[in-house]
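Chains as they are written, first to last, in the working numbering: chain A, 3 to 200; chain B, 28 to 223.
Think of the hints as simulated: they come from the structure by calculation, not from any bench.
Note that CB positions come from ideal geometry on N, CA and C, so glycine has one too.
Check before you lean on any hint, since a few could be wrong.
Unchecked claim - Residues of chain A clear of chain B, computed beta-carbon distances all greater than 12 Å: (1) Leu49; (2) Arg62; (3) Pro117; (4) Ser138.
What the hints assert, rightly or not - What follows is a set of in silico ranges between Cβ atoms, one per label pair, in the way DEER data are often shown: (5) A:Gly146 to B:Leu66: 15 to 23 Å; (6) A:Asn170 to B:Leu164: 27 to 35 Å; (7) B:Arg124 to A:Ala113: 49 to 57 Å.
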Amino acid sequence: MPDAARSFLDTHRALSLFLLKMAAIYAAWFVLYDLWLLPDGRLDAWLSTSVASWTGAVLRPFYPGTLVDVRTVWAKPGIGIRIENGCNGLSALSLFIGFVVAYPGTWARRAWFIPMGLAAIVLTNIARCALLLVVSDKWPEIFGEVHALHALFVFYLVIFALWVLWANVGGSPKPDARPPSATPPAEPSGTRPVLAGA
Amino acid sequence: MPEPALARHRTSAAQVIGRYPRLWGTLFMVAMLAAYIGLVRPARLWTAEHVALPLFEAVETPRAAQYVIERAPERPDAVYAIPRARADGRDPRQLAREGGTAEWSAPVGVLFVLPAMFLVFVFPTRPFWLVLLGYHLVVGAVSMGVFAVGLGWFEPAFQLYLFTRTYLTESVSLVVPLLLYLAAKGAGPLAPTRPA
Numbered sequence: 003m004p005d006a007a008r009s010f011l012d013t014h015r016a017l018s019l020f021l022l023k024m025a026a027i028y029a030a031w032f033v034l035y036d037l038w039l040l041p042d043g044r045l046d047a048w049l050s051t052s053v054a055s056w057t058g059a060v061l062r063p064f065y066p067g068t069l070v071d072v073r074t075v076w077a078k079p080g081i082g083i084r085i086e087n088g089c090n091g092l093s094a095l096s097l098f099i100g101f102v103v104a105y106p107g108t109w110a111r112r113a114w115f116i117p118m119g120l121a122a123i124v125l126t127n128i129a130r131c132a133l134l135l136v137v138s139d140k141w142p143e144i145f146g147e148v149h150a151l152h153a154l155f156v157f158y159l160v161i162f163a164l165w166v167l168w169a170n171v172g173g174s175p176k177p178d179a180r181p182p183s184a185t186p187p188a189e190p191s192g193t194r195p196v197l198a199g200a
Numbered sequence: 028m029p030e031p032a033l034a035r036h037r038t039s040a041a042q043v044i045g046r047y048p049r050l051w052g053t054l055f056m057v058a059m060l061a062a063y064i065g066l067v068r069p070a071r072l073w074t075a076e077h078v079a080l081p082l083f084e085a086v087e088t089p090r091a092a093q094y095v096i097e098r099a100p101e102r103p104d105a106v107y108a109i110p111r112a113r114a115d116g117r118d119p120r121q122l123a124r125e126g127g128t129a130e131w132s133a134p135v136g137v138l139f140v141l142p143a144m145f146l147v148f149v150f151p152t153r154p155f156w157l158v159l160l161g162y163h164l165v166v167g168a169v170s171m172g173v174f175a176v177g178l179g180w181f182e183p184a185f186q187l188y189l190f191t192r193t194y195l196t197e198s199v200s201l202v203v204p205l206l207l208y209l210a211a212k213g214a215g216p217l218a219p220t221r222p223a
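Just chain A, same shape as in the assembly (with noise of 0.2 Å):
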């Protein structure tokens, strides 16, 4: 092994494991969706069919006619949405389960936290699909828009955040196993990081 690189592996022991573990969960969850989950379709219509109906749901006090058919959400006749599998939200819950798995915290948190935060992603899911619904009937000529691009910074900020929230609660198993690392970026005096205060 170059010396760089071993260099780099005992200073930074702990990240180079985090982004290892990281990138092995969602290589195996890849293989494991596309092998098998995919072809066997359960999964997917499970959650499209739940996310549906929720949505249906929340939609109903606000469009009183509302009827969901099996993946379809009708706001009314003719104004419709159907939950593609690349619309459940699969991939998102995957992709925060992955990184809430590799960084250290310890189980005990991680088994709240997980359904914590699978269920935000899903009502953020749901609160996306009604949003899209009304955009739908309201203002169709930006649907194209707000479908492709609202939807990805909605669930990549609400993911973003919720791993923010993971490092800081998360706890460690090993708090004295920290190791020595390069020093901190620095920032002039006065900058204080806001998430996503934008």
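Here the structure of chain A is known, so what remains is to put chain B in place on it, guided by the hints.
Then chain B, alone, in the frame of chain A:
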């Protein structure tokens, strides 16, 4: 020895920004978004049309002959490799959703601009966003090659491409800003310890 002019300007710029970091961070963030809409998005469309499409069409192997290379008007930053047997004139996006159709999309998309905006806001004097841009450009170039390999020679390369453009890029794009943010705050178990 006299201080080089560039270093002197850099220091004074950092001092000016350091007085009002949130204001400058917000301005940089807006500038980043404007640059993304005005420059990066057109560049992505140009890349799809003038780089990726000709490259994929130039792959001439028995395997590549089984595919039709198309673009979708509603998704101009993407190029689709549709199995010839399934190319029936329908929207390539729909075919991709149904499976069997491979989709290549230009790099430096939302997964770049969102974390980059965060980075310029939190670190207005540090060009960390350039690191992220470099990552996206490198992955974009490599992924174009991997997609071409999948198209012309080796089916699993499509899966490798998909993994690179989804989980790998998503995690790197979010983890890099997160780790920098935590390092700046000195928070979390991976945060570097400050020298005593």
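Cross-check of the supplied hints:
1. Annotated as non-interface, leucine 49 (chain A) keeps its C-beta farther than 12 Å from every C-beta of chain B; the closest such distance is 16 Å.
2. Here arginine 62 (chain A) stays apart from chain B, with its beta-carbon at least about 28 Å from theirs, past the 12 Å limit.
3. With 12 Å as the threshold on Cβ separation, the claim that proline 117 (chain A) sits away from chain B holds: the shortest Cβ distance comes to roughly 21 Å.
4. The Cβ of serine 138 (chain A) sits about 15 Å from the closest Cβ of chain B, beyond the 12 Å cut-off, so the non-interface label holds.
5. The hinted range of 15 to 23 Å is satisfied by glycine 146 (chain A) and leucine 66 (chain B), whose Cβ atoms lie roughly 22 Å apart.
6. Against the hinted window of 27 to 35 Å, the Cβ-Cβ separation of asparagine 170 (chain A) and leucine 164 (chain B) comes to about 32 Å, which satisfies the hint.
7. In this structure, arginine 124 (chain B) and alanine 113 (chain A) break the distance hint of 49 to 57 Å, their C-beta atoms being roughly 35 Å apart.
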